[in-house]
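S.K.: Line by line, the protein sequences are chains A and B.
The first sequence lines up with residues 3 to 216 when you count with my numbering.
The second sequence lines up with residues 3 to 216 when you count with my numbering.
Just to be clear, a hint being listed does not mean it is correct.
Copies of the same chain look alike in the list, so a pair counts if it fits in one copy or across any two.
Below, computed lysine to any residue pairings styled on SDA-like, alpha-carbon distance capped at 20 Å [as the list claims (entries may be wrong)]:
1. Lys-190 - Arg-43
2. Lys-120 - Asn-131
3. Lys-88 - Ser-65
4. Lys-26 - Glu-61
5. Lys-117 - Glu-135
6. Lys-190 - Val-113
7. Lys-117 - Gly-144
8. Lys-190 - Asp-49
9. Lys-39 - Glu-140
10. Lys-26 - Gly-147
11. Lys-117 - Glu-41
12. Lys-26 - Tyr-80
13. Lys-26 - Phe-216
14. Lys-120 - Asp-82
15. Lys-26 - Ala-91
16. Lys-120 - Glu-135
17. Lys-117 - Leu-28
18. Lys-88 - Arg-114
19. Lys-26 - Pro-83
20. Lys-88 - Arg-64
21. Lys-120 - Glu-208
22. Lys-190 - Arg-48
23. Lys-88 - Ala-132
24. Lys-39 - Pro-83
25. Lys-88 - Glu-78
Simulated from the structure, these hints should not be mistaken for lab results.
Protein chains: 2
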Amino acid sequence: MSRQLYTFFRSSTSFRLRIALAYKRLDYEPHYVSLPKMEHRVPSYRDINPQGLVPLLVEGGRSLIQSMAIIEYLDEVYPDPPLMPKDPAGRAYVRAVSQIIGCEIHPLNNVRVLKHLKAQFGADEAATNAWYEHWIAEGLSGLEGYLAREGMSGDFCYGNTVTMADICLVPQIFNARRFNCSLDAYPKLLAITDRCMTLDAFRTTEPSTQADAF
Amino acid sequence: MSRQLYTFFRSSTSFRLRIALAYKRLDYEPHYVSLPKMEHRVPSYRDINPQGLVPLLVEGGRSLIQSMAIIEYLDEVYPDPPLMPKDPAGRAYVRAVSQIIGCEIHPLNNVRVLKHLKAQFGADEAATNAWYEHWIAEGLSGLEGYLAREGMSGDFCYGNTVTMADICLVPQIFNARRFNCSLDAYPKLLAITDRCMTLDAFRTTEPSTQADAF
Chain A
3 MSRQLYTFFR
13 SSTSFRLRIA
23 LAYKRLDYEP
33 HYVSLPKMEH
43 RVPSYRDINP
53 QGLVPLLVEG
63 GRSLIQSMAI
73 IEYLDEVYPD
83 PPLMPKDPAG
93 RAYVRAVSQI
103 IGCEIHPLNN
113 VRVLKHLKAQ
123 FGADEAATNA
133 WYEHWIAEGL
143 SGLEGYLARE
153 GMSGDFCYGN
163 TVTMADICLV
173 PQIFNARRFN
183 CSLDAYPKLL
193 AITDRCMTLD
203 AFRTTEPSTQ
213 ADAF
Chain B
3 MSRQLYTFFR
13 SSTSFRLRIA
23 LAYKRLDYEP
33 HYVSLPKMEH
43 RVPSYRDINP
53 QGLVPLLVEG
63 GRSLIQSMAI
73 IEYLDEVYPD
83 PPLMPKDPAG
93 RAYVRAVSQI
103 IGCEIHPLNN
113 VRVLKHLKAQ
123 FGADEAATNA
133 WYEHWIAEGL
143 SGLEGYLARE
153 GMSGDFCYGN
163 TVTMADICLV
173 PQIFNARRFN
183 CSLDAYPKLL
193 AITDRCMTLD
203 AFRTTEPSTQ
213 ADAF
């Protein structure tokens, strides 16, 4: 197949891509990259992705990296069904929601960072959990407040249609639940997540459904 | 004036916005938000930006947050001169470069994170500098490798024209220099930075030129 996704079941950025591809009904051949086995750092993988991270989407010989960039690429090349609003203000809002998660929450809490806290500061599990929870609370409270202030959310982050914003939100909520974070303060975000999980594109791609899940 | 930028001179995401506005010759009224004085956390600021971060661009009564989202908004509303390529593959590449910086480097190294390392782990200056340098080396080596692999860079990250990618790169290099990081391993990134700094939009907006600089 000409489209190949390098993915790890628990990687929330890989989960974003799996949702986007399923939502647009785009088939792909999965390549499972085990982060615990450090398969993303071996030379053969770095040859195709010098960053040494997942996900990576290879499409028509082109290597695409960075999940939000890939989602927008897919939306531009396969516009139906859309994942971005048509107007600049709507797009700015959807990108802002996505980036609150993709630039302010996820980067601080992914496995490589938690591992580095252990390596540099000798952080034990309790300490890395506290770190995780701190940035979840900081990030999600800002996001809940942003949705309330902008008044553009409905069933989903942007009105009643799925966008990139929901695709970033749901994997982050999955991740926060895995770390047992209290999410009671974010009723809008939880309602949107619940609504998304009624849709096949989200339900059939979540971590526990994946062939590499353990 | 109807356009207002909430900025801090040393904030690299504020610097991104200053470059983009200058490049597009868009005037604005600056509002200086002192991060050391925690002016971004006071209620009057959080009322207009619940995230409590800079930059914030208020334009025609609309509050815009997240620097990369704002740059794309400006590019869509004021397309000349452009900051994004016309084709989806080019845009995917420019967004990927921007996000390598905006999602993998900057979030781990900004002031609130370094402060939190001190608060949670008692990190002293040497330890926060080591943390900073680790993520600079990790991120910039991946980025230098990505530019080499893709073969799309020229005078700038994307051929010979300024894009959002350069606007994300230059403030990150400024920041890395402030922390005395060795940058010898990234000749492409340094050459692009030098080229950018010959342009007024970059030179007239860098931190030391700002009215709030100290």
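S.K.: Indicate, hint by hint, whether the structure satisfies it.
M.R.: Now the hints, each set against the structure:
no., hint, result
1, Lys-190 - Arg-43, "neither (38 Å within a copy, 23 Å between copies)"
2, Lys-120 - Asn-131, "both (11 Å within a copy, 17 Å between copies)"
3, Lys-88 - Ser-65, "between (27 Å within a copy, 19 Å between copies)"
4, Lys-26 - Glu-61, "within (15 Å within a copy, 34 Å between copies)"
5, Lys-117 - Glu-135, "both (16 Å within a copy, 16 Å between copies)"
6, Lys-190 - Val-113, "neither (27 Å within a copy, 29 Å between copies)"
7, Lys-117 - Gly-144, "between (26 Å within a copy, 19 Å between copies)"
8, Lys-190 - Asp-49, "between (42 Å within a copy, 18 Å between copies)"
9, Lys-39 - Glu-140, "between (31 Å within a copy, 19 Å between copies)"
10, Lys-26 - Gly-147, "neither (30 Å within a copy, 31 Å between copies)"
11, Lys-117 - Glu-41, "within (16 Å within a copy, 33 Å between copies)"
12, Lys-26 - Tyr-80, "within (7 Å within a copy, 30 Å between copies)"
13, Lys-26 - Phe-216, "neither (27 Å within a copy, 51 Å between copies)"
14, Lys-120 - Asp-82, "neither (44 Å within a copy, 48 Å between copies)"
15, Lys-26 - Ala-91, "between (23 Å within a copy, 18 Å between copies)"
16, Lys-120 - Glu-135, "both (16 Å within a copy, 17 Å between copies)"
17, Lys-117 - Leu-28, "neither (34 Å within a copy, 43 Å between copies)"
18, Lys-88 - Arg-114, "neither (36 Å within a copy, 35 Å between copies)"
19, Lys-26 - Pro-83, "within (6 Å within a copy, 33 Å between copies)"
20, Lys-88 - Arg-64, "between (26 Å within a copy, 17 Å between copies)"
21, Lys-120 - Glu-208, "neither (28 Å within a copy, 36 Å between copies)"
22, Lys-190 - Arg-48, "between (39 Å within a copy, 19 Å between copies)"
23, Lys-88 - Ala-132, "neither (40 Å within a copy, 44 Å between copies)"
24, Lys-39 - Pro-83, "neither (36 Å within a copy, 46 Å between copies)"
25, Lys-88 - Glu-78, "both (11 Å within a copy, 11 Å between copies)"
Going through the hint list in order, the structure does not satisfy hints 1, 6, 10, 13, 14, 17, 18, 21, 23 and 24.
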